[in-house]
Amino acid sequence: MSLAQVECGFVALTDSALLVAALEMGFAAEEGVDLVLRREASWSSIRDKVSLGVYPMAHMLSPLPLAMSLGLGPVPAEILAPFVLGLDGNTLTAARPLAAELRDLGAAFGDAEATAHAIVRRSRRDRLRVGVPYPHSMHRELVRLLMEQGGGDADRDFDMVVAPPSLLSEVLMAGEVDLVMVGEPWGSVAVDRGAADMLLTGAAIRRRSREKVLGVRRDWAEANPRTLERLMRALARAGAWAGRPESLQVLAEVLGLPTYLDCPSPLIEQALRGAFVIDGHGHVGQDPDALVLDAGPAFIPDPAEALWLADRVSVPWGIAGSELRRAAAACFAPEAATAALEPLGILPG
Amino acid sequence: MDALHIVVIDTDADRAAMIRGGLEDEGEYRVSIVSEMQGLAARLARLDADIVLIGLENPNRDTLEQLTAAAGPSERPVAMFVDRSDRGMMQAAIAAGVSAYVVDGLRRDRVRPVLETAIARFHSFARLQAELTATKAALAERKTIDRAKGILMKARGIDEEAAYALLRKTAMDQGKRVAELAEGLVTAAGLLS
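Protein chains in written order, with the numbering used here: chain C, 1 to 349; chain L, 350 to 542.
It should be emphasised that the hints constitute simulated quantities derived from the structure, not laboratory data. Just so you know, even glycine gets a beta-carbon here, dropped at the ideal spot from N, CA and C. Mixed in with the good hints, there may be bad ones.
Here are some chain C residues pointing at chain L (derived, C-beta under 8 Å) [stated by the list, open to error]:
1. Ser44
2. Ser45
3. Leu52
4. Val75
5. Ala77
6. Pro133
7. Val162
8. Leu167
9. Ala320
10. Gly321
11. Ser322
Use the sequences and the hints to build the structure in full.
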């Protein structure tokens, strides 16, 4: 059988795991897909290359297909999000001295509400700057939610700064931001380098957020429905494999390779196992569901989650709710994945 | 009309200098180079650029995205690329590995030559890099071949010319490159000595 070649962009993050595993563990080839992965240094590059047709699909922040479809960016393009590549997977870190102050104010790993109150109190005294990797991201929504939980308002009480994940520790040490919400392993890397303490997992703020999706050009998806179906099956099988505890060490080793994350595998393993070294004293914070790769029914886009996202981003993006809800329903349509995953016994939850 | 102020963001000093040279040859431009990525947003705000050029491989691109998304009253809004209709130009820029942020409202005919020059310079820099890599590899191969010749000369008591002829003939017989065969010989000799 000749394989259908599919090029796909990705950003060096632990939650690129399903794409990497589908390729390296052979699930894609078994499904008849010759998957070619292209690493990009920024979400802007992913966005531009997909919208200009350099390649048809990529690992994307879940709000990105929505933003692209609405024309927020240089080249409007209709992008679908037919498959969810992972739930959660972010961490909130703070520069060491600030983290100590926040703990004195009651912040504690795993306690989002107490941490939120500490952050809001501290920011009212001296305005804090929060780094997120991209303007149209779940990270920004998690920060806004956290501030609401602490009785604050992210749009009024904080400065939001965009900073590249892989340079997070430098950005924190240079004092350009005070807190960062970022995808793993970059939070763990910042802790490991002595730049930061980890305050919370993103999952502690909101569980089962659709963090990354496969973003696919609509015209490509419509022209290649069978190939897309096979790829989605390969990704779901990669997810089931990645969900087994005995796979995690291999997965971390593969992700750590120079062509993928180029990062020590023990740091990658932290998010996979949900056990994080959170400070310079070696204290460990547990959150077994910090990153869910074997999402099962949640591989299939959930219309309720799409509406939630549409309503959340209406204010920060400055777009009317009705327009967002319509676009979100089109982006996150569940039908394609439902049909593709049915043979694997995975049905919408 | 004031000279356009172009800011080149690049951690590679050689490439930045090449782009600056290219732009200054082409026209009346004021070119600033930013090679330090710390405090990038603040630095850019101070520089008040008309056009910002940045390599696609630079992760700080997402920081520039924020500037395009949130333009306060004091900031000058920047938009990506020349304008949305100029797809061909965007594709050429992406292929060359450069992206451009252009102040809103700047006339297209003023932006185009800048972008064309940047695209050309990005291409020639990539070519130079490729040539450098190829030259290095060729030098390394030559060293290996010289060592293999030396081994043969000593082991078989033949002169340099005969040693090379032997290497070349054996390589041809085995369908290998001379350098490949030489590499194997050097490794084997190292193991046996």
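A quick look at each hint next to the structure:
no.: 1; hint: Ser44; verdict: holds (4 Å)
no.: 2; hint: Ser45; verdict: holds (5 Å)
no.: 3; hint: Leu52; verdict: holds (5 Å)
no.: 4; hint: Val75; verdict: holds (7 Å)
no.: 5; hint: Ala77; verdict: violated (11 Å)
no.: 6; hint: Pro133; verdict: holds (6 Å)
no.: 7; hint: Val162; verdict: holds (4 Å)
no.: 8; hint: Leu167; verdict: holds (6 Å)
no.: 9; hint: Ala320; verdict: violated (17 Å)
no.: 10; hint: Gly321; verdict: violated (19 Å)
no.: 11; hint: Ser322; verdict: violated (22 Å)
Violation of the numbered hints given earlier is confined to hints 5, 9, 10 and 11; the remaining hints are satisfied by the structure.
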